[in-house]
Structures are given as structure tokens and as C-alpha cells.
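Participant: Residue strings, one per chain:
There are 2 protein chains.
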Amino acid sequence: MDIKGFQFSAVEAAIKKPGRKDLALIFSEVPATACSVFTTNAVKAAPVLLSAKHIKKGMAQALVVNSGNANACTGEHGMLAALETSRLTAEGLGIPDELVQVSSTGVIGVQMPMDRLRTAIPGLVEGLSSGTLDEVAEAIMTTDTFPKMEARSGQAGGSSYTVAGIAKGAGMIMPNMATMLSFIITDAAVDPAFLEKSFRCAVDTSFNTITVDGDMSTNDTCLIMANAMANNPPIKPGTPEAEIFKALLHDVLLSLAKQIVKDGEGATKFVEVRVTGARNDIDAKRAALAIANSSLVKTAFFGQDANWGRIFAAVGYSGAEVDQSSLSLSFDDVIMATKGIFAGGDTEARGTEVLKKREFTVTVDLGLGSGTTTVYTSDLSHEYVSINADYRT
Amino acid sequence: MDIKGFQFSAVEAAIKKPGRKDLALIFSEVPATACSVFTTNAVKAAPVLLSAKHIKKGMAQALVVNSGNANACTGEHGMLAALETSRLTAEGLGIPDELVQVSSTGVIGVQMPMDRLRTAIPGLVEGLSSGTLDEVAEAIMTTDTFPKMEARSGQAGGSSYTVAGIAKGAGMIMPNMATMLSFIITDAAVDPAFLEKSFRCAVDTSFNTITVDGDMSTNDTCLIMANAMANNPPIKPGTPEAEIFKALLHDVLLSLAKQIVKDGEGATKFVEVRVTGARNDIDAKRAALAIANSSLVKTAFFGQDANWGRIFAAVGYSGAEVDQSSLSLSFDDVIMATKGIFAGGDTEARGTEVLKKREFTVTVDLGLGSGTTTVYTSDLSHEYVSINADYRT
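Protein chains in written order, with the numbering used here: chain A, 1 to 393; chain B, 1 to 393.
Simulated from the structure, these hints should not be mistaken for laboratory data. Even for Gly, the Cβ is constructed at its ideal location relative to N, Cα and C. Heads up, some of the hints might be wrong.
[Said to hold, decoys possible] Sample of chain B residues with no beta-carbon within 12 Å of chain A, all distances over it, derived:
#1 G19
#2 V30
#3 G75
#4 P113
#5 M114
#6 D115
#7 R200
#8 T239
#9 K298
#10 G319
#11 K339
#12 E348
#13 V354
#14 T363
[Claimed, not checked] Under 10 Å between C-beta atoms, here's a sample of chain B residues computed to sit facing chain A:
#15 T40
#16 V43
#17 G78
#18 V334
#19 I335
#20 S370
#21 T372
#22 T373
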């Protein structure tokens, strides 16, 4: 993968257990146009607060990110730690502090082991000559079982460019950002306002359509940096190049989002929940999220039990306008219920066959209008409970 | 327990597996003042729709209730089944149809086995001479592991009266009614408007403060019948007797509500979540419910892990106004965090000791105002997943 002008590094800073890299750096040889979407949680981690301040001018040149400690609920000390991490990284790279983005993920409420970061940062900067984006993707993992990466290439004005992204996140996943970090880099030159608009749009149609457990974290960050090293004429809105860039960006983000759901804590199923026929799109999203977040629905998926009544019950309390006599439901192409009642015949057996698959689609038609949406979710398994009961031990 | 003028019966109608009573009847020898609170789910079961119609005049004389089948998402057939159940019961008892309340709980989406109900109802009516309220409490159980009953006695105008209640419900428990049935009977004479007002208030401060899994059912019903057979002068608002009656009613309902949480599917913990210092009571309830419904918080309770950061994260996304630097948190009397940060010292070990108990209190002070609330919840265990993955098999 060739993304011009970006360098990578990842080291063991001993924040996590020995043997796992837990501190990483993405560096652009030149300042990049950048924007970020952060958690909407009212309790925000120190690095989120600092990074939001740093990115105000729409530029970034480096991202320093650690796993193993979220630096959240850590008060003034936490903010000092984020500031020092930013300053040490900036000094090592010889760039202004404000061009450094800081990101953290891991346990909440524990102070950052700054002595270890102080020791590790010089080596982190040195490692830039030889590191890869894959190593960064691995270093940001927490309960993730595999690193999440995606890349697409495009052309603009005769120059080739690449959009590449990495992500982490396996639990605490909920629209409007989850315990999720995602960093997107591209060597394309992109008009700054268009970059921000297309990035926010891509986040909405990717990360904001997935849910694992309905929890939302203190640290969520999705950052994009475009460093223009591909030397294409800047991509501007309203052009064919803009449409191509938007599509590539969406593809990269949606791929990363789906990887997160597939790696959902303890997940044994990947479920696409489609709602159609809602009074409007907002109602469609309400209904889809109620289904995707229902513990009863998700345990039924885990049990491969075609318990469609629980899905109707979730739709019923979602807040969406519902007429129970016009509801219909399918598992893949098996119609389970129409006009609010069971389809009969061998439906049960055929529906159960669908649920035995690793991936399937649940479609609910509210039969009221043209509102539609799609969200992605996983099941709720024994393993989810095990992972989260014992996370810190 | 002496509740004058009420008779009970419970039989095996073969709706559930053999050997378990699944059809029950509560009968008042005279028409009783009655009111009911039903599910707010837009998808309502047929018996809910029928009972809501029957109770419009504020009177009821009989309740017929089955477990094993919710008669929800069953369309016109389901409504015909509810109507026939009501009619057969009314005929057997020699009372008008409209004085019969019908209630169902169990699997959603399966038609009622009406042939079995037709066979069983005559025996159900005959059994009234010898049945008990305990038997009814047992017959309405689904995933419940114990029957839920409570009773209190009071005096009004020199006459003794009793308020007794039963309930069922173990999963799908969420404020604004869960998969929960509760039937309250009293032989007190109570002014009808006052009965309704005090009953709704008691439901709000009891059943609407508990949550097991955030799911809300299609069948929830809480019914009260007051038959005046204690011969007291009717209890009227603004009197000392009214205050006593309200307190008794609240006690009975809160006891039943707590019993439901203690029997929460797979529950190993009973947790009281108190929120204080909110901007207002609505914000307090938002924060408390976010904590009580968070899968991450509940799995940490199950794991006896004093992961207080997850509680702050839940408060942060609850929608309540939050200033993270003014948050504090205690497990029982162990202060875990103040001003948004960890209290330090041996707090972790002491907090963990609290979480090892079967019952404990989590108190979060938002530090912003005088809004306060208390809700009750359970943990999220392996057993919850097992029960709900395999519910129908």
C-alpha cells in the first residue's frame, strides 16, 4: 500500500501486559488537512478534549495513540498527561504541539503511567523509518481479536491516491460513536471544507449505523488526515472526482465499521437490520436500533431461535410510529410474519435455518411510509458476558 | 390472609408443559372498583386491548389469566380468542362479559390453543371454592423461579382491610411496564377517583423504577380491584385513612417490584441505583436508567469488578446534564470517586468487597442540583444469556 508522505511506528510502552505493542504514531511529512468526529458522551477523556482543541484550525501532522489506558475520568492530572504526551511527541518530531492529535483507549479512571510514556516516546519517534500501518492497527487493539484495516485507491487529475484506514473497537459500540477509534489517512489533496463534509457524511453512514451493546464511550474518535502528497489538483465539490472520493471514503469507513461488528465482543453472528416502510427515516432508525440493541433479540440470535415476536415487541417500544396490523418481517428471504401475524406453514423451520448462518439480514417493513435505514449488529453471547465481567482482571 | 369476598382458582390447561398450572382466576363476589395500567408498547397483545376496553367504566369482577402464551402478534384470531376466553369465563360465573379482565403471558406470536381453554374453563370456575391466591401466583409464572406475593393490612373507620398483590416477571423488565403482570386486590372500600390516582402513583414509584434488561413487553398489565367487602366507610382523599392506604399500596407494589428484580433472569445481584444532585428529577432518572440498563455496567456487577469508570461513561451518555468534574460515586458507603476522579488508596479493594455482596447500593451524585431518583436492577450474567437464547426450546 502506497500512501505518500505518511510514516508509522508502534512500540511496547508497558501500558498493557508485556509482549503487546500499546503506543503508536502516525506522522505526515507535511502538515495535513484534517478533521475529526469525537464522542458525544458528556464525560470526555482528556485526550479527546485536547485533540478537539488542537484540530480547531483544521490541520494535523501527527497522531499519537495508546491502548491499555483511556485517560478518562482522570481530572487535571489526566489533562496534564495528555498535554505532556502531545508536547513530547511534538518535540521529538520538531513540529508545533497543535499539530499533534492524542488518542487513548482502555480502562477508564486510571492515571496514565507517564514515566513509561516518557521513556517510550523517543523510541516511538525513531521507529518511524521502519514501521507500518498494520503495526499501528495492532497496537490500538484492546478486546479486539483482529486488527481492522481497509484501503482503496482512486485517481484525480491524472494522479493516483489512496485512502487507507484503521479502526479498533469491539464492545461499547453504539451509534454516535462507540469505544471506537478510527484513523483515516489519504495522500489526496482535498478541498478542506469538502473533506470535512464528506468525512462527516461517511461517518454517519458507516460508524453511526453499527451497534454492539448500546454503550457509548468517553474516548471515541474518528480522524482523517489528507496530506496532498499525491500531487493531484485539490478535489473540489461538484466534480466527478469528488463523487469518486466520497464513494471511496464511504467504502473504507463502512468496511471498518462492519469489521468492528464482526469482532463484536463474543459475537457469533453478524446481523444486518433493515427497516423499511417507516413514516420517515428517523422512525426507521429508531426501530432498527431498538431491534439491534434489544438484549432479548440478541440472545435469540445467539440461540438461533426464530423468536420474531421479540423483534415486533422491540419495534413497538422503539418510539417509531407503528400499526401492529401492518408489520411484516423477514429473515433473509424467508417471510416470517405479515400483517402483524405469523406466516405459518414451515416458516419456523426455514427461519431457524437462516439464523444458523454466520451472517443474515433481518428486514422489518412497518408498512406506513417510505422511511428506511440499515444498521449492523451482533448477537449477545456467553462470551460477551465473560469478556466484560473480567475485563480488568 | 383474609381478603373478604375474593375467591381464587388455578388449573392445568396444558398451555405450558404438563405438570404446571397455567390458567388462573380471581373472582370477587361483588363487582369491584377497578383500574389498570397497561404496557405503553405500540404492539399490544389482544388481551391488553380487550381488557382496556372492558375496564373503561372502572369496574371489574373477575380476572382470567394464562401463562405459556402471550396471545400477542396474533391478529384477529388472537382477538377472537381473548373475546371467547372472556365470554366463557363470564358465562361460567354468571356475570357480564365487561366485568372480566383477560391477561396472558408467555411466547409471542403463537395462536392460543382455544380447544384447551374451552375444556379447562369450567373446571377453573368450579375450583373457586377451594383455591388460594398463592396458587394463582404460581400459575402466572413463566421464567420466574419463585412466586411473588405481598400483603399489608390497615384500618379505616374501625374496619380492618387487606391489600394483597401478586406479580410475575423476570426478564423484559423496563420502566413503563415490563413483561410483567401484577394483580392487586383489596377488600377496602375506596373512592374510585382516589383509587385510580393512588394506584397510578404507586405504580410509578414501584414497577416503574425497576429494570432488568431494558426490554418492554406487549402484555404488561397491573390491575387493582377494590371490592368494599371490608365494609369500611369509603376511603377518600385528604383524610388520614387515605394516607395510610396510599402507603400500604406503595409498600405492596414496591415489594413485588423488588421481588421481580431479585428474580431477574440469571440475576446474581440486586442493585439499588441512587442518583442525587441532578439538575432535576427527570435528569436523575435518565442517569439512573442509563446505569441500570448498561450491559457493560451490568456485566461488571456480575464479575464483581469495581469498574466505576463504566458508570461515569453511562451517566455521560444518559442525556442528563453532566459536569464531569463534579461527579462522585459510592458503592454502599465506599466513596469510589469524587470530583470525577478515582478516590485512590485502598478504594479499589474496598469497592470490590461491596460488589461481592448479593445486594448493594450504587450512589452517583451529579453535583448540580437537587434532582434525585432511585431505581432497582440486576446484573447481566451467563445465565441471562442461557435463559433467553433457549427460551422457546
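Participant: All the hints need checking, so say for each whether the structure fits it.
Facilitator: Consistency of the hints with the structure:
no.	hint	result
1	G19	holds (23 Å)
2	V30	holds (36 Å)
3	G75	violated (4 Å)
4	P113	holds (14 Å)
5	M114	holds (16 Å)
6	D115	holds (18 Å)
7	R200	holds (20 Å)
8	T239	holds (39 Å)
9	K298	violated (9 Å)
10	G319	violated (9 Å)
11	K339	violated (7 Å)
12	E348	violated (10 Å)
13	V354	holds (16 Å)
14	T363	holds (16 Å)
15	T40	holds (7 Å)
16	V43	holds (3 Å)
17	G78	holds (8 Å)
18	V334	violated (15 Å)
19	I335	violated (13 Å)
20	S370	violated (19 Å)
21	T372	violated (19 Å)
22	T373	violated (18 Å)
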